[in-house]
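For the record, the sequence lines run as chains A and B.
In this text, residue positions in the first sequence follow our numbering: the first is 1, and each later residue adds one.
In this text, residue positions in the second sequence follow our numbering: the first is 1, and each later residue adds one.
There could be a bad hint or two in this list.
No more than 30 Å apart at the CA atoms, straight line, and that leaves these computed lysine-lysine pairs for DSSO-like [unchecked claim]: (1) B:K204 / A:K232; (2) A:K229 / A:K279; (3) B:K319 / A:K229; (4) A:K212 / B:K130; (5) A:K240 / B:K207; (6) A:K181 / B:K204; (7) A:K79 / A:K279; (8) A:K232 / B:K130; (9) B:K207 / A:K124; (10) A:K222 / B:K130; (11) A:K212 / B:K319; (12) A:K112 / A:K79.
Calculated directly from the structure, the hints in this document are not laboratory data.
Just so it is clear, the structure is predicted and the values come from calculations on it, not from any experiment.
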Amino acid sequence: MVLIARAIVHERKFLILDEPTAPLSNRETAELFRIVRELSKNQGLGIIFISHRLPELFEICEAISIMKDGKMITTEAIKSINQKKVIELMLGKSFNEAHQKHQIPIGNTLLKVTNLTDEANFLKNVSVVVKEHEIVGIAGLVGAGKTELCKAIFGENANSSGEIYLKNKLVVNQNPSQAVKNGFALVPEERRKEGVLVDEPVFTNLTAASLKRFTLPFSILKPDREREKARKLIESLGIKTPNENQKVSLLSGGNQQKVAVGKWLLTDAELLMFDEPTKGVDVGAKGDIFDLITKLAEEGKGIIYASSELNEILNVTDRIYVMYDGQIVKELVTSETNEEEILFYSTGGQ
Amino acid sequence: MEQRALKIDNPIKKESPWQKPLNFINNWGTVIAIVVLIVFFAVAVPQFMTGSNIVNIMRSISIVTIIAIGLTVSLTVNGFDLSIGSTATLANSLVVSFFVWYSLPTGISIALALILALSVALFNAFLIVKIKIPDLFATLATMFIVEGVAMTYTGGGSISVGMPRLDGTPTNGTIPSAFALISQTPYIIILMLIVVGSVYFFLKHTKHGRYLYMIGGNIEASRLSGIPVNRYRTLAYVISALLAALGGVVLASQIGSAQINAGGGYLMPAVAAAFIGSSFAGQGKPNAIGTLVGATLIGILENGLVMMSVPYYSLNIIKGAVLALALASTYYTRRKN
């Protein structure tokens, strides 16, 4: 608001608003719209309104330009276009990559989250079910609440209400340490900040979550056992590193991510959450990570796969929850949906 | 194991021709400095290299080392405990008062002083972990509080054998000879080596030590790996306060009385020793052996300079400069990474 006020004071002719509603609540958004309308009507300001949230555009704009990959696709009057058409143009030609995932019979309910609301009141009444052998996608645009949901289940963010059941048993994840004991694992989005310890060697990263298994009485470490296990993991995950003593900061993004995933393979995690696991990961490592996730599902684990990359979600998951503004707005079966439909719901379509 | 292609995706950083010698100086600078100092003092002052003087140096660094080792543990979690000096003062006052005022037995007096010092740790942990005050500021506040508590407890004065309490109550306790023995050679040196050795083992070879370093390296990633970070940060401050208190008890044994702010002077050399130690042998992390080496460096410097008749009031200039150098080395390495 202050920024807009400053722009007005300077008596400019144009005002560019770049995702102005992202940090705002609904009420503030309405107030912003009122001001924007007034500015354009009474002061004759030209306004460019950039947004992910399509309903907003239909509410406030007169004309719409659609961009894709740095190129202008089209400019049209807002009245002559609808949300579906906008999504199609955003995606370009609708392509449906073959659903590569092989069919594994899905097992019993593993995780049930009911009416989860976080303390910041951003997540609102989120309910999620994950079954054994199942890979469940969480789709949604940046800021839709995917990361918050993963962290809330993992006990990192305080929850004000809601219950989490693992194998029909109520679990309390008040902090990540409890969540790990309860059989949860999270590969967080911010890899270098949250996923790996960049200054530590590969082997201590790999054993970080399961260090208890490598101790004698009095918590004395058995580094040889650690290194041996680490070497096996490096081999089986195809982590490209000269040896297990290499500092993680010297590995490429993809290999760092494999380390971040690898540490959970030494724990008893039954439910693994992946938050944007392919961010900053090269194509080769991406394939390895997909294979690994599929393999984990085959072993009977439950997987939550949160990503804003729709083609990945379509490729790897069995079922998809679409999030918008901290809520789950739609549940879809992967084999019966496509990018347009997911994008329609994740941009606020009803 | 099969031979894997040793290809790292990162481009290899170009090393300037100065990089190698600089790294070497950074990693082994402490040892080089010690050797240079020893040679220098040995030539300048003939009495320096005598056996009794070497024992003297070892003895003089014992208390600093014990306190500095505690600080080292708080540094591992990327914390900082400024309150160690006052905690030592508090323990000093407590233990002497138990003897002189209450005539308690040696073991109980020492144990009681250490246990009471734990409350300082818990208060620090409360401010830092729960209220989330940055370590440096939280322990700065604690430093003053504890100093004040110690002074209030002693009534703003010192305690020594035979001296009546401030309200005039005569005292009839004495300091047991067994207690005075703690600060005699070789016991004080053995105690120091035991502290260094056990903390070295704890940090390097146990799960807890590994966790402490991990938390210091990246607290977010550690928490998201399921490490109970708050519990371990509390533990770090507990160890720090315990060793500071132990230092205060040994100090009490040495001076045989409780003096106003007796431990305050140990803060600076302890900080210097721990930071000098961080760069020892290219560890780049606070570590027990390095801290011992750092304390040795300071001890030699101080001893040699006194022997060369440098006035005691000028020593701080040199000690401060050494601290600046140690910090420069630590932060220079950190920035490069």
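Tested hints:
Among the hinted pairs, B:K204 with A:K232 is consistent with the structure: their alpha-carbon atoms are about 24 Å apart, no more than 30 Å. With a C-alpha separation of about 27 Å, the suggested pairing of A:K229 with A:K279 holds against the 30 Å cut-off. Between B:K319 and A:K229 the alpha-carbon distance is near 47 Å, which puts this suggested pair outside the 30 Å criterion. Distance hint between A:K212 and B:K130 is fulfilled; the C-alpha atoms sit about 26 Å from each other, no more than 30 Å.
Proximity of A:K240 to B:K207 is assessed by CA-CA distance (about 27 Å); at most 30 Å being required, the pair is judged to hold. The straight-line distance between the Cα atoms of A:K181 and B:K204 is roughly 25 Å, inside the 30 Å bound, and the hint therefore holds. For the hint pairing A:K79 with A:K279, the CA-to-CA distance comes to about 37 Å; that exceeds 30 Å, so the pair is violated. For the suggested pair A:K232 and B:K130, the alpha carbons sit about 40 Å apart, so the restraint of at most 30 Å is broken.
Proximity of B:K207 to A:K124 is assessed by CA-CA distance (about 39 Å); at most 30 Å being required, the pair is judged violated. The straight-line distance between the Cα atoms of A:K222 and B:K130 is roughly 33 Å, outside the 30 Å bound, and the hint therefore fails. With a C-alpha separation of about 43 Å, the suggested pair A:K212 and B:K319 falls outside the 30 Å cut-off, and the hint is violated. This hinted pair does not check out: A:K112 and A:K79 have alpha carbons roughly 43 Å apart, beyond 30 Å.
The structure shown violates the earlier hints numbered 3, 7, 8, 9, 10, 11, 12.
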